[in-house]
Amino acid sequence: MKLLCLWNLIFLLPFISVSLLTRWFMIWAEAGRENVIFGASIPVELRWPNQEFHRQIEPIIRRIRRRCWQTLAAEAVLVLLICLLPRMFLAEIFWMLLIFLDMFLTFFLYGCGNRTIRRIKALYKKEENRPQIVYADLTNSGRVHGLHPLPFAGVLLVNLVLTVCLGKSQPDLKPAFWALMGCQCLIALFSFFMDRLRNRVISADSAVNANYNRARKKVMAKAMLELMILSTCLPLAIGAAYTVNQGNLRLGEFASIAGFIAYFLLVILVIALLAYRMYQIDRKYQGQMFLGDDDDAHWIWGMFYYNPKDSRNMVEKRVGIGSTMNLARPAGKWAMAFLGLVIVAVFVFLGFFAVEETLPMRAQVQEDEVVCRQLIVNERIRKTDVRDTELLEQMPEPIVRTNGSATDEYLKGTFRVGQEKGCQLFVRRDARVILRIRADQKTYYITGENDRLTEELYRQLQ
Amino acid sequence: MILRIEEGIDIPIYQQIRNQIVYGISSGELAAGEQLPTVRALAAEIGVNVMTVSKAYQTLKAEGYIVTERKRGARVREKMTESKRLSLVNRRELERIISEARLSGMKRADFIQVVDQIYAEVES
Chain A
1 MKLLCLWNLI FLLPFISVSL LTRWFMIWAE AGRENVIFGA SIPVELRWPN QEFHRQIEPI
61 IRRIRRRCWQ TLAAEAVLVL LICLLPRMFL AEIFWMLLIF LDMFLTFFLY GCGNRTIRRI
121 KALYKKEENR PQIVYADLTN SGRVHGLHPL PFAGVLLVNL VLTVCLGKSQ PDLKPAFWAL
181 MGCQCLIALF SFFMDRLRNR VISADSAVNA NYNRARKKVM AKAMLELMIL STCLPLAIGA
241 AYTVNQGNLR LGEFASIAGF IAYFLLVILV IALLAYRMYQ IDRKYQGQMF LGDDDDAHWI
301 WGMFYYNPKD SRNMVEKRVG IGSTMNLARP AGKWAMAFLG LVIVAVFVFL GFFAVEETLP
361 MRAQVQEDEV VCRQLIVNER IRKTDVRDTE LLEQMPEPIV RTNGSATDEY LKGTFRVGQE
421 KGCQLFVRRD ARVILRIRAD QKTYYITGEN DRLTEELYRQ LQ
Chain X
1001 MILRIEEGID IPIYQQIRNQ IVYGISSGEL AAGEQLPTVR ALAAEIGVNV MTVSKAYQTL
1061 KAEGYIVTER KRGARVREKM TESKRLSLVN RRELERIISE ARLSGMKRAD FIQVVDQIYA
1121 EVES
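Chains as they are written, first to last, in our numbering: chain A, 1 to 462; chain X, 1001 to 1124.
Don't take each hint at face value.
[Claimed, not checked] Mimicking SDA-like on lysine to any residue, the simulated pairs with C-alpha atoms at most 20 angstroms apart in a straight line are:
no., chain 1, residue 1, chain 2, residue 2
1, A, Lys309, X, Lys1071
2, X, Lys1071, A, Gly142
3, A, Lys317, A, Phe190
4, A, Lys125, A, Ile60
5, A, Lys309, X, Tyr1014
Source of the hints: derived by calculation from the structure; they are not laboratory data. Just so we're clear, the structure is a prediction, and the values are computed from it rather than from any experiment.
Between the sequences and the hints, there should be enough to build the whole structure, so can you do that?
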């Protein structure tokens, strides 16, 4: 029960923060913009102080905001219901479904706002099917940057030193430390990539464009650096949690979960600050933005760009930070296909997870082997390798997972049991008898479909 | 200076880049000796292939509007060669424009007035 509560907490805090941040960005911040509202571009002649147009769209904005609150309230009820679920695997499945539902509702509200604004806009000005126009600032091409390489190099160096030192002191965690180092390098590469993106053209004045783009790139570089600095603490935290775990399992588990939640919330804070700073910059330059064509026809629901006549692979997003793909281009189509595959894979995994939790574990003697089978797990132990068997009434403590799964129902995979590392577990949590087999320099803990079958397996091996 | 590239029209993109740079030099938006962006940088800004921008720069160089040096890149020529004549291509283009203006019923004086207007805009 305690584990289930902790598990729900791991999902709950990030879910709330990401959900609120996304809704703020897509629903609340939209109302404060002049040139684009819910992904629909507002021509100069319809912007404030055109009161007639704004009188028509203000009720729409209020309605979308109200619906946003209503969907949030409905999701809060769903969250409470999920927290009451008795089984962890059910909670995991419903958390994933809730995340998808939340994303869908946010996009749906945004899309509704977009369609309605465009419909009202069409009363004043028809959407024209004009040739695609691309603006490029010749003066600023390749010259506007916000990133200084030195701080990034410094952080990477510190990370490298930490990784090497911690890897030597805790060799078990070496792969994890080097994986984190790899992530830091990816963040640095991503930062350089973002700094070298094409500049947005918002004005006919190159100086305005330069200042605007420099401000945005500086803010992005600052956020990436903050993220890297935050992530520098991760290897230290993981090392500390692991050390605590060796001494006191419960404290170690608590430290790991608390650390994970704290890190995630800090990352969300960095992203929220980035979004807020970008929003401030856009507001500051709002009055000077008048370039750009009314190409709403190419924006599906104001979020997805589809324009076969545009040769660019990436275009500036209408909502959010950064760029989005032109879905009419081959690269965009591949990206969508990949995203579709990922979404399908998530649902397949959820289904697999549900099936795995409900399928019984089978451990039996077949010819000269002990075979442990459940879905894709197929562990085999040769009878000739068995040195010793023992029937236990409970598992030795502590049980620490190294590589495997520990769910409501089962413990499967490689664990540290007591002081012994590398034990293979194939155990039902509710088993009253557990068979321990020492074979081939490994220790196995096995249970059958029920206690009677476990005892029978023990007798067969005797 | 802002380049405005229209896709899907009859004028190739390299030609549009070339035309607008010439316009920029003429109107003073691009000063004599001013550094132009690299081919790669401009191609990334517009979102086209580097060969497209390279062709535009080569055309401008052949026509004497820009100079390109290995280490310094492309720059607007310090002093334009003043031939004080229309090129053959431009003359033919002007003939086409005048023909269409005549067919639309435009009088000579009106046409010259439009020419004066545009010339003044470019000069200013």
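How the hints compare with the structure:
The suggested pairing of Lys309/A with Lys1071/X is violated, with an alpha-carbon distance near 36 angstroms, which exceeds 20 angstroms. Between Lys1071/X and Gly142/A, the direct Cα distance comes to roughly 16 angstroms. Compliance with the 20 angstroms bound is thereby established for this hinted pair. Pair hint Lys317/A plus Phe190/A holds up; C-alpha atoms about 17 angstroms apart against a cutoff of 20 angstroms. Our distance criterion of 20 angstroms between C-alpha atoms is met by Lys125/A and Ile60/A, whose separation comes to about 19 angstroms.
Of the supplied pair hints, the one linking Lys309/A and Tyr1014/X holds, its CA atoms being roughly 16 angstroms apart against a limit of 20 angstroms.
This entry does not satisfy hint 1, going by the numbered hints stated previously; all others are met.
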